[in-house]
Amino acid sequence: MYSKKIQEKLKELGIEIGDRVRVKSRGEVCEGILMPKQELGDPNAIVVKLSNGYAIGLNFEGAGLEKLEGHRKIGFKSSDEKLKHVAGKPTVSIISTGGTVASRVDYTTGGVNASYSASDLVKAVPELGEFNIDSKFLFGMMSEDMRAEHWKEMAKAVFKELKTDARGVVVTHGTDTMHFSTAALSFMLKDLNKPVVFTGSQRSSDRGSSDSFMNMLCAVNFASKSDVAEVSLLMHGSSSDDFCYAHRGTKVRKLHTSKRDAFKSVNDEPLAKIFPNGKIEMINSNYRKRSEREVSLDDKLEEKVALIKTYPGMDPEIFDFYLGKKFKGIVIEGTGLGHVPTAIEKYSLIPRIKEATKAGIPVCITSQCIFGRVHEFVYANLRKEYEAGAVFCGDMLSEVAYVKLMHVLAHSKDLEEAKKLMLTNIAGELNERTPVFE
Amino acid sequence: MKCGIEIHQRLATEKKLFCGCSAQPGEEKPIATIERRQKAVAGELGEVDLAALHEYSRNRIYRYQVFPGTTCLVELDEEPPHDMNKDALETVVEVCLLLNAKVVDEVQVMRKTVIDGSNTCGFQRTAIVGSDGSMETSKGDVGIQIICLEEESCGIVEEKNGEITYRLDRLGIPLVEIATAADIKDAKHAREVAEKLGMILRATGRVQRGIGTIRQDINISIPGGARVEVKGAQELGLIETIVEKEVKRQEGLLRVKEELEKRFGKNTLEKPAMVDVTEMFKNSASKLLRKECVLAMKLEKFAGLLGEELYENRRLGTELSDYAVAKAGVGGIIHSDEKFEKYSIGKGDADELKKRVGAGEKDAFVIVAGERKACERALESVYERALHTFKGPQNEVRRVLPDGGTAFMRPMPGSARLYPETDVPPVLISKEWIGEVRRKLPEKPEERKEKLLKVLNEELAERIMLSKNYPLFEKIVNGLKVEPKLVAATLEETVVSLRREGAPVENLNENKFMELFIEYKCGKFVKAAIPEILRYVSRNSGESVSHAVEKLKLEKMSEKELKKVADEKKKAGKKGKELIEEIMREHRLRVDISELSKIVGA
Chain A
0 MYSKKIQEKL KELGIEIGDR VRVKSRGEVC EGILMPKQEL GDPNAIVVKL
50 SNGYAIGLNF EGAGLEKLEG HRKIGFKSSD EKLKHVAGKP TVSIISTGGT
100 VASRVDYTTG GVNASYSASD LVKAVPELGE FNIDSKFLFG MMSEDMRAEH
150 WKEMAKAVFK ELKTDARGVV VTHGTDTMHF STAALSFMLK DLNKPVVFTG
200 SQRSSDRGSS DSFMNMLCAV NFASKSDVAE VSLLMHGSSS DDFCYAHRGT
250 KVRKLHTSKR DAFKSVNDEP LAKIFPNGKI EMINSNYRKR SEREVSLDDK
300 LEEKVALIKT YPGMDPEIFD FYLGKKFKGI VIEGTGLGHV PTAIEKYSLI
350 PRIKEATKAG IPVCITSQCI FGRVHEFVYA NLRKEYEAGA VFCGDMLSEV
400 AYVKLMHVLA HSKDLEEAKK LMLTNIAGEL NERTPVFE
Chain B
0 MKCGIEIHQR LATEKKLFCG CSAQPGEEKP IATIERRQKA VAGELGEVDL
50 AALHEYSRNR IYRYQVFPGT TCLVELDEEP PHDMNKDALE TVVEVCLLLN
100 AKVVDEVQVM RKTVIDGSNT CGFQRTAIVG SDGSMETSKG DVGIQIICLE
150 EESCGIVEEK NGEITYRLDR LGIPLVEIAT AADIKDAKHA REVAEKLGMI
200 LRATGRVQRG IGTIRQDINI SIPGGARVEV KGAQELGLIE TIVEKEVKRQ
250 EGLLRVKEEL EKRFGKNTLE KPAMVDVTEM FKNSASKLLR KECVLAMKLE
300 KFAGLLGEEL YENRRLGTEL SDYAVAKAGV GGIIHSDEKF EKYSIGKGDA
350 DELKKRVGAG EKDAFVIVAG ERKACERALE SVYERALHTF KGPQNEVRRV
400 LPDGGTAFMR PMPGSARLYP ETDVPPVLIS KEWIGEVRRK LPEKPEERKE
450 KLLKVLNEEL AERIMLSKNY PLFEKIVNGL KVEPKLVAAT LEETVVSLRR
500 EGAPVENLNE NKFMELFIEY KCGKFVKAAI PEILRYVSRN SGESVSHAVE
550 KLKLEKMSEK ELKKVADEKK KAGKKGKELI EEIMREHRLR VDISELSKIV
600 GA
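Residue numbers (numbering that gives the first Met the number 0), protein chains in the order written: chain A, 0 to 437; chain B, 0 to 601.
By construction, these hints were calculated from the structure, which means they are not laboratory data.
Wrong hints could be hidden among the right ones.
As a list, the in silico PhoX-like pairs of lysine-lysine whose alpha-carbon atoms are at most 25 Å apart [to be verified]:
hint, chain 1, residue 1, chain 2, residue 2
1, B, Lys-372, A, Lys-258
2, A, Lys-66, A, Lys-88
3, A, Lys-258, B, Lys-195
4, B, Lys-430, B, Lys-443
5, B, Lys-101, A, Lys-23
6, B, Lys-520, B, Lys-562
7, A, Lys-353, A, Lys-324
8, B, Lys-85, B, Lys-439
9, B, Lys-101, A, Lys-122
10, B, Lys-430, A, Lys-3
11, A, Lys-419, A, Lys-308
12, A, Lys-278, B, Lys-372
13, B, Lys-430, A, Lys-23
14, B, Lys-520, A, Lys-4
15, B, Lys-353, B, Lys-341
Some chain B residues close to chain A (C-beta under 8 Å, calculated; not the full set) [what the hints assert, rightly or not]:
hint, residue
16, Glu-34
17, Arg-36
18, Val-102
19, Glu-105
20, Cys-120
21, Asp-131
22, Leu-235
23, Leu-237
24, Leu-417
We put the CB at the ideal spot given by N, CA and C, even for glycine.
Chain A extracted, bound-state conformation (with noise of 0.2 Å):
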């Protein structure tokens, strides 16, 4: 945003954003179009795109002002034409909840816009012809804004378009928190008998360079010709831009900040290589297939649980604050197999756990390890907590068990039965064993 000053004296002028200015500063004459104020950089500095494309900023202290004739129109211009369905072709529903994959930059913030119809889409990545698209405008959010409740019109939102006749549903999300919403949507849509492929990018669409046109591709590819009737997540497979992988929704999470390939399977292979070119080579032979069963929708959930990571040095009291707020649940990532802070009597866990047990409320064990399972009998210390009352959740990643023990909680009387749904598998969650991986 530019300074007040320099917002009075636009106004003073008449002069909007995108209006061609000449701009006099120390002596320099410059015209060009006004250009919106990045978030960053000195707002006393007017921004002016010059006609040879380049902006460069000029301080306003003591700059004269002018407008010019003509104006431009700042941003990118989404296409309202509608695209109509074709026989023969089959069908893919994309519901755009926002995040990089579907935006442009927005000159005025600095960050991105959602901004996509299907017509935009299929301009963007011309190979989606072969399918009809129907695009459905849900959100534009970015990922870490996201809450429970926005699952919940995501689940609904993919459940009427399950019932129509498209083949698969694609939904375009923010990565950052991406996988919450593939475990969110895999509780929540029961019976699914149709692929529902999460996908997003980590270059923004606005430069040629964007992951977004492959994995857009090779995700309504995936939703349309395969028989996984689940709910996946479906991105680069490596740097190249070569072939993407889909995740199982529950077995997903997303390691590098930037990397094409961030989101990696965990604790379990993925479950397709799906190429550019529409091919798709299945790797993972456990899952759900295709059918004419009827999908239902059960979108409750206990939005009163906590995600708590342990380290050297915690404050058991952050526990008293959750179950202070009346907190139904909580989930510890612990280090290494599970542990918590247990020996030095000050600082230990246990009798938080012991407590929280005793008030009905579900201690569920993870590991900040990531990889691996957790497991309650190794070590004494590990027994301790189990004795406390703690539930030991397998193979499960922690972002799971948060958004599991949400969906158990709204669906059990009591602490014994969601303790037995916290460790039962419901969505692929839980593995009993751990295969061999490369």
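For chain A, the structure is supplied; the task is to place chain B on it using the hints.
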């Protein structure tokens, strides 16, 4: 004629512009290769850049070689850029001041769309630092339009079957780009301006040297012609030829345009049909034509025009062929103004071709061979180019050929290709900082030369003033008060001749030279011993200069020793000049002649 040039010069910073990788690519071997594709996307004003669409229409695969010391996730487009390298920015501010340009208050980094794959992001990061400068030349002042700081692109390794392999070590090295106004008067002047800009850049002492570290682009147009940007002239010697040939090419195209007006009047060329003639050449003697597909196409009323010579060895037919090569990736086309024997096409075949495409006496035709899709695209491009000839020269980007001629590369990019780089915050340039840079500013080349001419001959003055050793020269001359001529000759001549004889002179760093001249100043050895000492030290870089002097027994003769030698010679009947000459012959490397003259004279 209107002409301006753009100079791109790599800066000699330690690190790259937007990451911590070394900006000095070495001899590393690639450790991995990644593969990418790129798309044409719309810029901030919602337009797709023409040049970007052109590349995308080629549907290419790009491979990138990864190097351990000079590539990180930033070059792979797998990590956002880091903060801008302030050393690089300071150097460009310095260049702005040397060219009397105005420095912007806030540097806005932009993304310039490039999807020829030469940047993994699909854009090059670039920013205007200064504008409205000028420089003096023998033919009046030449304006400097803009001075930018930008990233170097990837280096190309090979291009084959539509796949380009690039190396990532070069990507992201800071570059300064200087664009002059169209004030250049003629071909010779273009060269002078390029040379002079090169000198100013080197005067900063902060730019890289060697092949590929500086490139010139030349913008040329003639009245009635078009703006053509010729990319990538690396040799100054070629600039004159490039300008001359481009002027001729544009004049030639204007002649063709006039002729077409006569032939067509107000009409234009109808889109001709593509005729499949593959089976005609199934058993052809020409390997060029025994391909999956051969297509032919008539160009109505073009007879004789395709052979029109634009400049030496370039005909209109080649211009059409360039389009087919650049846009469809075919090897080229054959046209009816060529000698068909070259391609083993007999008279009978030629007549048959004419018949099949329906060409009469006034018509020309072209044929192309290769994969079917490529052939179709090639002929479409030929038709597109043929239509352009009705309008005369086109605005376009051309690449330099080894003979100074040029070939079509891509359409001229528009301003749609620039949009803000939101990952890098704008950088404020304070007045205080500019003041600081101004205080440290090196002299301008002409001032430096004038100063040097007082102590050096012209040849040596010119060499040292443009040398990367100039700062060291100043340090030794001013700090140690050594004769400038000796320092310049040692740095510029002795080192070069040692390199020629194979001595590893890269081991002679600044410290070694400082040591050398300190010892010299202390009277340890005489001038004549310097080459011997440097040779030894370069080969034994762990040893000190004083140790080398001892080992080589090159200590300067003391006065006492010299007297003794002189006395001996005198006893043997030698005197005067003869005596001096004989001693010098025998002890040249250890005797200072002026000292000896004094002793003998006494």
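Status of the hints after comparison with the structure:
Restraint check for B:Lys-372 and A:Lys-258: not satisfied, since their Cα atoms lie roughly 35 Å apart, outside the 25 Å limit. Annotation: proposed proximity of A:Lys-66 to A:Lys-88 is violated, straight-line Cα distance about 52 Å (limit 25 Å). For the given pair, A:Lys-258 sits about 44 Å from B:Lys-195 by alpha-carbon distance, which is inconsistent with the 25 Å threshold. Annotation: proposed proximity of B:Lys-430 to B:Lys-443 holds, straight-line Cα distance about 22 Å (limit 25 Å).
Distance check on the hinted pair: B:Lys-101 and A:Lys-23 sit about 13 Å apart at the alpha-carbon level, within 25 Å; holds. For the suggested pair B:Lys-520 and B:Lys-562, the alpha carbons sit about 22 Å apart, so the restraint of at most 25 Å is met. This hinted pair checks out: A:Lys-353 and A:Lys-324 have alpha carbons roughly 17 Å apart, not beyond 25 Å. Between the alpha carbons of B:Lys-85 and B:Lys-439 the distance comes to roughly 16 Å, so the proposed pair stays at or under 25 Å and holds.
A hinted pair counts as satisfied when its Cα atoms are at most 25 Å apart, and B:Lys-101 with A:Lys-122 does not qualify at roughly 42 Å. The straight-line distance between the Cα atoms of B:Lys-430 and A:Lys-3 is roughly 23 Å, inside the 25 Å bound, and the hint therefore holds. Of the pairs offered as hints, the one joining A:Lys-419 and A:Lys-308 holds, with about 23 Å between alpha carbons and a cut-off of 25 Å not exceeded. For the hint linking A:Lys-278 to B:Lys-372, the alpha-carbon distance of about 23 Å falls within 25 Å, and the restraint holds.
For the hint linking B:Lys-430 to A:Lys-23, the alpha-carbon distance of about 18 Å falls within 25 Å, and the restraint holds. For the suggested pair B:Lys-520 and A:Lys-4, the alpha carbons sit about 64 Å apart, so the restraint of at most 25 Å is broken. Only pairs whose Cα atoms come within 25 Å are accepted, and B:Lys-353 paired with B:Lys-341 is accepted, the gap being roughly 18 Å. Contact between B:Glu-34 and chain A, as hinted, is supported at the beta carbon level, the nearest pair being about 4 Å apart and thus within 8 Å.
Because the closest C-beta pair between B:Arg-36 and chain A is about 5 Å apart, less than 8 Å, the hint holds. Annotation: interface hint on B:Val-102 violated; nearest CB of chain A at approximately 10 Å, more than 8 Å. The beta carbon of B:Glu-105 comes within 3 Å of a beta carbon in chain A, closer than 8 Å, and the hint placing it at the interface holds. Interface hint status for B:Cys-120: upheld, as the beta-carbon distance to the closest one in chain A is roughly 5 Å, under 8 Å.
For B:Asp-131, the interface hint holds, the least distance from its beta-carbon to any beta-carbon of chain A being 7 Å, beneath 8 Å. The beta carbon of B:Leu-235 comes no nearer than 26 Å to any beta carbon in chain A, farther than 8 Å, and the hint placing it at the interface is violated. Taking 8 Å as the C-beta contact cut-off toward chain A, the hint placing B:Leu-237 at the interface is violated, the least distance being around 26 Å. At a threshold of 8 Å, the smallest CB-CB gap from B:Leu-417 to chain A is about 3 Å, leaving the interface hint in force.
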